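Peer 1: Chains A and B are the protein sequences, given in the same order. Going by our numbering, the first sequence opens with residue 1, and the numbers climb by one from there. Going by our numbering, the second sequence opens with residue 1, and the numbers climb by one from there.
Hints were generated in silico from the structure; no laboratory data involved. Careful: at least some of the hints might be erroneous.
[What the hints assert, rightly or not] Cross-link-like lysine-lysine pairs, in silico, DSBU-like; alpha carbons within 30 angstroms at most: (1) A:K245 to B:K157; (2) B:K22 to A:K93; (3) A:K166 to B:K124; (4) B:K54 to A:K96; (5) A:K190 to B:K15; (6) B:K124 to B:K54; (7) B:K33 to A:K92; (8) B:K157 to A:K166; (9) B:K88 to B:K52; (10) A:K92 to B:K52; (11) A:K102 to B:K124; (12) B:K15 to A:K166; (13) A:K62 to B:K15; (14) B:K15 to A:K93; (15) A:K245 to A:K96; (16) A:K62 to B:K22; (17) B:K157 to A:K93; (18) B:K54 to A:K102; (19) A:K92 to B:K157; (20) A:K258 to B:K33.
[Stated by the list, open to error] Far from chain A, some chain B residues (derived; all Cβ distances over 10 angstroms): (21) A37; (22) H48; (23) V58; (24) K124; (25) G133; (26) E147.
[To be verified] If you want the ones that stay clear, here's a sample from chain B, every Cβ over 12 angstroms from chain A, calculated: (27) A3; (28) S7; (29) K15; (30) I19; (31) H30; (32) G107; (33) I113; (34) E137; (35) M153; (36) K157; (37) L191; (38) R192.
Note that this is a predicted model, so its numbers are computed, not measured. From the three backbone atoms N, C-alpha and C, an ideal C-beta is built for every residue, glycine too.
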Amino acid sequence: MHLEKLELTNYRNYGGATFEFSPDVNIIIGGNAQGKTNILEAVYFLSAGNSHRAGSDALLVKQGENLASIRSEVDRDGRRLSLEVFISMNEKKRIKVGGVEKYRFSDLLGNLHAVIFSPEDLQIVKGGPERRRAFLDDTIVQISPTYHYWRRKYDRVLRQRNILLKTMNRNVDIESLELWDRNLAEVGTKVIVNRIHVTERLSQLSAEAHKKITKGAETLELNYICRVSEGGVEGPQEIERRFIKELIRRRKEELDRKITLVGPHRDDLMMNINGLDVRSFGSQGQQRTVALSLKFGQMKLIEQEVKAKPLLLLDDVMSELDEDRQSYLMQMVRDGNQVFITATHLDSFAPADVAGHNIMRIKGGKLVD
Amino acid sequence: MYATPISELIDELSKLPGIGPKSAQRLAFHILKTNRAEAERLAEAIVHLKDKVKFCPVCYNVTDEPVCEYCRDSRRDDSVICVVEEPKDIVAMERTGEFQGRYHVLGAAISPIDGVGPEDLRIKELLKRLEDGRVVEIIVATNPNIEGEATAMYLTKLIRPLGLRITRLASGLPVGGDLEYADEVTLGSALRGRREMP
Ligand SMILES: Nc1ncnc2c1ncn2[C@@H]1O[C@H](COP(=O)(O)OP(=O)(O)OP(=O)(O)O)[C@@H](O)[C@H]1O
Ligand SMILES: [Mg+2]
Ligand SMILES: [Zn+2]
Chain A
1 MHLEKLELTN
11 YRNYGGATFE
21 FSPDVNIIIG
31 GNAQGKTNIL
41 EAVYFLSAGN
51 SHRAGSDALL
61 VKQGENLASI
71 RSEVDRDGRR
81 LSLEVFISMN
91 EKKRIKVGGV
101 EKYRFSDLLG
111 NLHAVIFSPE
121 DLQIVKGGPE
131 RRRAFLDDTI
141 VQISPTYHYW
151 RRKYDRVLRQ
161 RNILLKTMNR
171 NVDIESLELW
181 DRNLAEVGTK
191 VIVNRIHVTE
201 RLSQLSAEAH
211 KKITKGAETL
221 ELNYICRVSE
231 GGVEGPQEIE
241 RRFIKELIRR
251 RKEELDRKIT
261 LVGPHRDDLM
271 MNINGLDVRS
281 FGSQGQQRTV
291 ALSLKFGQMK
301 LIEQEVKAKP
311 LLLLDDVMSE
321 LDEDRQSYLM
331 QMVRDGNQVF
341 ITATHLDSFA
351 PADVAGHNIM
361 RIKGGKLVD
Chain B
1 MYATPISELI
11 DELSKLPGIG
21 PKSAQRLAFH
31 ILKTNRAEAE
41 RLAEAIVHLK
51 DKVKFCPVCY
61 NVTDEPVCEY
71 CRDSRRDDSV
81 ICVVEEPKDI
91 VAMERTGEFQ
101 GRYHVLGAAI
111 SPIDGVGPED
121 LRIKELLKRL
131 EDGRVVEIIV
141 ATNPNIEGEA
151 TAMYLTKLIR
161 PLGLRITRLA
171 SGLPVGGDLE
181 YADEVTLGSA
191 LRGRREMP
């Protein structure tokens, strides 16, 4: 699987630009704020259906424009497939796969797989729980075709329920609230089950990477922290039952605070090194290594699940990592994956790492030769 | 900004569902460019709609007759009522050619985001139709999205004590979709494969 061609129109700082890529290593060089990350972001969008950094799609549309597009040609085992995304300021985003318009956005997913490594990864470890939930969700979306649907549905149920809690008359509308309790528990359970499952797999695969990077010194372990599956559960039915019970137990508090307090939107991912919580006890360096290990875990998991090597998008990682981690990274990525690396200067690479690769220079949203 | 007549039209158009300010502006300028006869036809069509089309007093489908065609048709089966959210869902059901019973239009689905609670749906009117005991089955054909599901759950809870058979369209419908976008074959098989509500 690799990306052959990318065409950006009114995307971020690109008015119109076409890129052709090597199936091996592509090095994107340019000064700060010239549009390097924007290219990786667009590629990632094709695989995940959202940006890895922007909260809102509207930010992706070039200032002053109405419609942005990301158009691409992908090679899948020798077969060419075009993937196109159209992001509008005032309408729903649209997609075409193989030239055919698809009405479900999730039809985009599963056609191209990518893992992005960027300085912001550190926030998965250091940031708030929403960063870790997003990391899990972004992983699941790439390997489970239905997860995007359930995840969006959960957001919708949650919004409905929160608005009901804000507007309802607590003496007469309890029956209405119970409708949304059932919906929340049913859909929320799907989210939880997926996240528990993917955490188990990631824990093992990230631990393997972590062991290698730390030369055997550290054992990494991941745990999904979720009130309604605490202490282990038998299966989805039990989670759903406990979900409902928890909603009933906390109903008064929810009515007082007018917000949903139970569900996967409040869960977290716990990361331990040799039994200690990395967030509280880890050094800066350890936290960086864990972030890297998580991404390697994600990469391996996608590779195992889709039986193809995902694209690796390495944004500015050279400036962030010490030599040991850099060399481990370079060694890991030389494994048949198509790679995209950004850097401000070519001399941040060892000459041997550059030889024979496709080098592209970017300036002010344009490709320069 | 624009001359008053233009901005007035833009304001009115942007009140329509799915029309943002930009689209409203585009439509307004399109209308400005058309000739007078065409603009009059559009204006008349809108006024006619309001004057001529009424809700059927039995099922709340839209109709330009005193009672709608499905309620009038004596060959249809009185023992089954298919409950839908909107009149356009009747059109989708009729396209399948699989259903010969009666309809009931709720008018919307429960959705706190849109300020729609159970009391805003035509549920009392439905219960009234069940009083004479002729109806033995209710098919809940609300959309297969969360609002439609919540509405189906609510109805089921309410109707269950009456001892009727309550069914829901089988899955196989496009997930998260709307009935009006389902093709006839899918919707037809969803109807044949309908399941009892839990
Ligand atoms: N919606 C937008 N419309 C126009 N320009 C935008 C938009 N969003 C971002 N930009 C511009 O894109 C540029 C940033 O691009 P990008 O993040 O790719 O930079 P970079 O080359 O990765 O820089 P760095 O080396 O600092 O990471 C900035 O100049 C920013 O103003
Ligand atoms: Mg950058
Ligand atoms: Zn009628």
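Peer 1: Which constraints among the numbered hints does this structure fail? Numbers only, ascending.
Peer 2: 4, 5, 10, 11, 15, 17, 18, 19, 20, 26, 30, 33, 35 and 36
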